[in-house]
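Chain residues, written in single-letter form:
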Amino acid sequence: MSRIQKAFERLNGEGRKALIPFITAGDPSADLTVPLMHALVEAGADVIELGVPFSDPMADGPTIQRASERALARGMTLRKVLQLVTTFRTVDDKTPVVLMGYANPIEAMGLQRFAEKAAQSGVDGVLVVDYPPEEAESFGTAMKAQGMDPIFLIAPTSSAERIAQVAQIASGYVYYVSLAGVTGSGALNVNAVAERLPAIRQKTGLPVGVGFGIRDAATAKRIAVFADAVVVGSRIIEEIEKSTAETACANVKALVADIRRGVDEVKK
Amino acid sequence: MSTTPYTFPDAKGHFGPYGGVFVAETLFGALDELKAAYAAAQADPAFHAEYEYELKHFVGRPSPIYHAKRWSDLLGGAQIYLKREDLNHTGAHKVNNCIGQAMLAKRMGKPRVIAETGAGQHGVATATVAARYGMECVVYMGSEDVKRQAANVYRMKLLGAKVVPVESGSKTLKDALNEAMRDWVTNIHNTFYIIGTVAGPHPYPMLVRDFQKIIGEECLTQMPEMAGRQPDAVIAAVGGGSNAMGIFYPYINVEGVRLIGVEAAGSGIETGKHAASLTAGVPGVLHGNRTYLLQDKDGQIIETHSVSAGLDYPGVGPEHAWLKDIGRAEYQPITDAEALEAFHNLCRLEGIIPALESSHALAYAAKLAPTLGKDKILLVNLSGRGDKDMHTVAEKSGIQF
Numbered sequence: 001m002s003r004i005q006k007a008f009e010r011l012n013g014e015g016r017k018a019l020i021p022f023i024t025a026g027d028p029s030a031d032l033t034v035p036l037m038h039a040l041v042e043a044g045a046d047v048i049e050l051g052v053p054f055s056d057p058m059a060d061g062p063t064i065q066r067a068s069e070r071a072l073a074r075g076m077t078l079r080k081v082l083q084l085v086t087t088f089r090t091v092d093d094k095t096p097v098v099l100m101g102y103a104n105p106i107e108a109m110g111l112q113r114f115a116e117k118a119a120q121s122g123v124d125g126v127l128v129v130d131y132p133p134e135e136a137e138s139f140g141t142a143m144k145a146q147g148m149d150p151i152f153l154i155a156p157t158s159s160a161e162r163i164a165q166v167a168q169i170a171s172g173y174v175y176y177v178s179l180a181g182v183t184g185s186g187a188l189n190v191n192a193v194a195e196r197l198p199a200i201r202q203k204t205g206l207p208v209g210v211g212f213g214i215r216d217a218a219t220a221k222r223i224a225v226f227a228d229a230v231v232v233g234s235r236i237i238e239e240i241e242k243s244t245a246e247t248a249c250a251n252v253k254a255l256v257a258d259i260r261r262g263v264d265e266v267k268k
Numbered sequence: 001m002s003t004t005p006y007t008f009p010d011a012k013g014h015f016g017p018y019g020g021v022f023v024a025e026t027l028f029g030a031l032d033e034l035k036a037a038y039a040a041a042q043a044d045p046a047f048h049a050e051y052e053y054e055l056k057h058f059v060g061r062p063s064p065i066y067h068a069k070r071w072s073d074l075l076g077g078a079q080i081y082l083k084r085e086d087l088n089h090t091g092a093h094k095v096n097n098c099i100g101q102a103m104l105a106k107r108m109g110k111p112r113v114i115a116e117t118g119a120g121q122h123g124v125a126t127a128t129v130a131a132r133y134g135m136e137c138v139v140y141m142g143s144e145d146v147k148r149q150a151a152n153v154y155r156m157k158l159l160g161a162k163v164v165p166v167e168s169g170s171k172t173l174k175d176a177l178n179e180a181m182r183d184w185v186t187n188i189h190n191t192f193y194i195i196g197t198v199a200g201p202h203p204y205p206m207l208v209r210d211f212q213k214i215i216g217e218e219c220l221t222q223m224p225e226m227a228g229r230q231p232d233a234v235i236a237a238v239g240g241g242s243n244a245m246g247i248f249y250p251y252i253n254v255e256g257v258r259l260i261g262v263e264a265a266g267s268g269i270e271t272g273k274h275a276a277s278l279t280a281g282v283p284g285v286l287h288g289n290r291t292y293l294l295q296d297k298d299g300q301i302i303e304t305h306s307v308s309a310g311l312d313y314p315g316v317g318p319e320h321a322w323l324k325d326i327g328r329a330e331y332q333p334i335t336d337a338e339a340l341e342a343f344h345n346l347c348r349l350e351g352i353i354p355a356l357e358s359s360h361a362l363a364y365a366a367k368l369a370p371t372l373g374k375d376k377i378l379l380v381n382l383s384g385r386g387d388k389d390m391h392t393v394a395e396k397s398g399i400q401f
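Each protein sequence line maps, in turn, to chains W and Y.
Residues in the first sequence are numbered from 1 upward in steps of one, following our numbering.
Residues in the second sequence are numbered from 1 upward in steps of one, following our numbering.
What the hints contain is simulated information worked out from the structure, not anything from laboratory work.
Here a beta-carbon is modelled for each residue, glycine too, at the ideal position from N, C-alpha and C.
One thing to keep in mind: the hints can contain errors.
What the hints assert, rightly or not - Here are a few chain W residues that sit away from chain Y, every Cβ distance over 12 Å (derived from the structure): (1) Asn12; (2) Pro53; (3) Ser55; (4) Gly61; (5) Thr87; (6) Asp92; (7) Asn104; (8) Pro105; (9) Arg235.
Claimed, not checked - One-sided excerpt, in silico: chain Y residues whose CB lies under 10 Å from chain W: (10) Ala24; (11) Glu144; (12) Val146; (13) Val164; (14) Leu177; (15) Asn178; (16) Asn187; (17) Ile188; (18) Thr279; (19) Ala280; (20) Val285; (21) Asp296; (22) Lys297; (23) His305.
Could you build all of it, start to finish, from the sequences and the hints given here?
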């Protein structure tokens, strides 16, 4: 059983919902990434989404773009991201790590080589934003062959047909993008998200994570009522931006712990 | 070459391994809607009739073909003919595509159009057509380009468009494209994205090619009238590649016609300061399609360099990648210096001021012509006029206005 599957089964047993925070590897520096990952776990993260920086992050809003630019300016690469995961695994063998990024750095490394190295590093799942299911056949196969979960997005505009297509290739969990927009947007309509979930659950038994636009404990709680996992990204990056190297871990930990409390107010 | 007719892209938008739909799930609804609207329009004679009417009366088509006789004589070899896209309304081939896409937007009930632009030509063409159709228009332009192309920025504003400077990344064309995509995904309900070149996710590379193929179709008729036969080679500059696809496409199945795309070699391929993705790039995924890209060993897209802002792009349309791989087209690099020399020669010898983009194609023709007999014929796509490049050329010549 994969780490991701184990995490969701444990939460299910405890009657709790998952919290999935996102940070960009190498932001603000490579040295701080692993300490930040541990801080996320201490604050109650169930899965960590680790962003792989890319020069042209088309689906991201300004906050995550800036994080990517900071990380790239300091020399972060996909190979170094995998080294960071290896370092994280020397201390934490339990918390699932999902890489989130774009296709080109993976293709530059070579899909097979990436899959092998990622699995060796202790990566559990990979979400490639610009690999929709129709372009992801070899990606899905390569991930699964190495025991990793290919994670896919579902959008408010996805038809029932497309949701079924995602369900066929995805494993681990699916990620429902809660609004039509880029990461970090402000216009989240919780009721609209709630109405869409049954259509997704009809097509897949995988846990459904919801993200894009979740910024505080109150919203996280409202989403956790019907979602299996709450994903928070841009708000955490903003906290890192506001912090110094000395205060980043403590500030992020406090923020994520607060969101955790919101999520935990929901009992199954 | 195989004798089976060329039928790319396939139903999923692939040109062999290239093209496709590499976008986030959030864009699929809009792309499906666009595919359906385009298929319906293609099947509707009224759509074709309106497109033809607009091209004739608003753009001024057909554009003529001109025999550059003095220049050919001086070069002493093949005869050079120019397809005069520079004579179109707005001064370049870009408008052919903007009209087609704006007509689609109108059919789809989208009152707002957005576009990305580098040098500003596609932005000006989009702003022009938006004014013509009474649509709201927002153009994304890298803040570096906004500074370099002040006249075109003002032109777009005169036409009623809003120009948004993009501050992210390298602050140039590719970043403007990223930002336009972000706008589109956020405002999908009322917005149509008019992509300016044969790149982006399917169906854009096919759709833009189809709206530009009028260039080559006219040539197929005009060349026998002008020169008594089809040319031995068709030459066009390639940045994203829309003017080249427009003139190449109708010639793909015409035997014996060489197709030559000319890329921007900037300061020289060996210097690393260029924009020649087919000559020096490797396949990868950017802006919704798989194609040749200029990237570092870690898969990050690198900055490009060319005297011509319109060729300053790290990728290339996927159909060019495929034509290169199957050997139907060849791609040659031309440096800034070579393009500038051709620019000046055309000005002085033929009384035509060409765009710097088109000057790359002219420069390759000038290289090739002397190696061929006087009975050979080269057809160059003169994709735009050079008025917009006055400042750049003056600066290169050490002249200040």
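Task: Interface restraint verdict for asparagine 178/Y against chain W (beta-carbon cut-off 10 Å) - done: holds, 5 Å
Open item on the list: Is the claim that serine 55/W lies outside the interface with chain Y correct, judged by CB distances over 12 Å?
Closed with: With a cut-off of 12 Å, serine 55/W comes too close to chain Y, as the shortest Cβ separation is near 4 Å.
TODO: Go through the hint on valine 285/Y and say holds or violated, using the shortest Cβ distance to chain W against 10 Å.
DONE: At about 4 Å, which falls below the 10 Å cut-off, the nearest Cβ of chain W leaves the hint on valine 285/Y intact, so it holds.
- [ ] Take a quick look at asparagine 104/W and tell me if its Cβ sits farther than 12 Å from every Cβ on chain Y, holds or violated.
- [x] violated, 4 Å
Open item on the list: Please check whether lysine 297/Y passes as an interface residue: C-beta within 10 Å of a C-beta belonging to chain W.
Closed with: holds, 7 Å
Task: Proposed interface contact between valine 164/Y and chain W, which counts if any beta carbon pair is under 10 Å - done: violated, 13 Å
TODO: Against chain W, run the beta carbon of threonine 279/Y and see if the smallest gap drops under 10 Å.
DONE: Since the shortest Cβ distance to chain W is 19 Å, the answer is violated.
Task: Consistency of the no-contact label for arginine 235/W, given chain Y and a CB cut of 12 Å - done: Answer for arginine 235/W: holds, closest chain Y Cβ roughly 18 Å.
Open item on the list: Min Cβ distance, leucine 177/Y to chain W: is it shorter than 10 Å?
Closed with: OK, holds: leucine 177/Y within 10 Å of chain W, min 8 Å.
Open item on the list: Is the claim that threonine 87/W lies outside the interface with chain Y correct, judged by CB distances over 12 Å?
Closed with: holds, 19 Å
TODO: Taking the shortest Cβ-to-Cβ distance between proline 105/W and chain Y, state whether it exceeds 12 Å.
DONE: violated, 4 Å
Task: Minimum Cβ-Cβ distance from asparagine 12/W to chain Y exceeds 12 Å - done: holds, 26 Å
The structure is inconsistent with the numbered hints 2, 3, 4, 7, 8, 11, 12, 13, 18, 19 and 23, although it conforms to all the rest.
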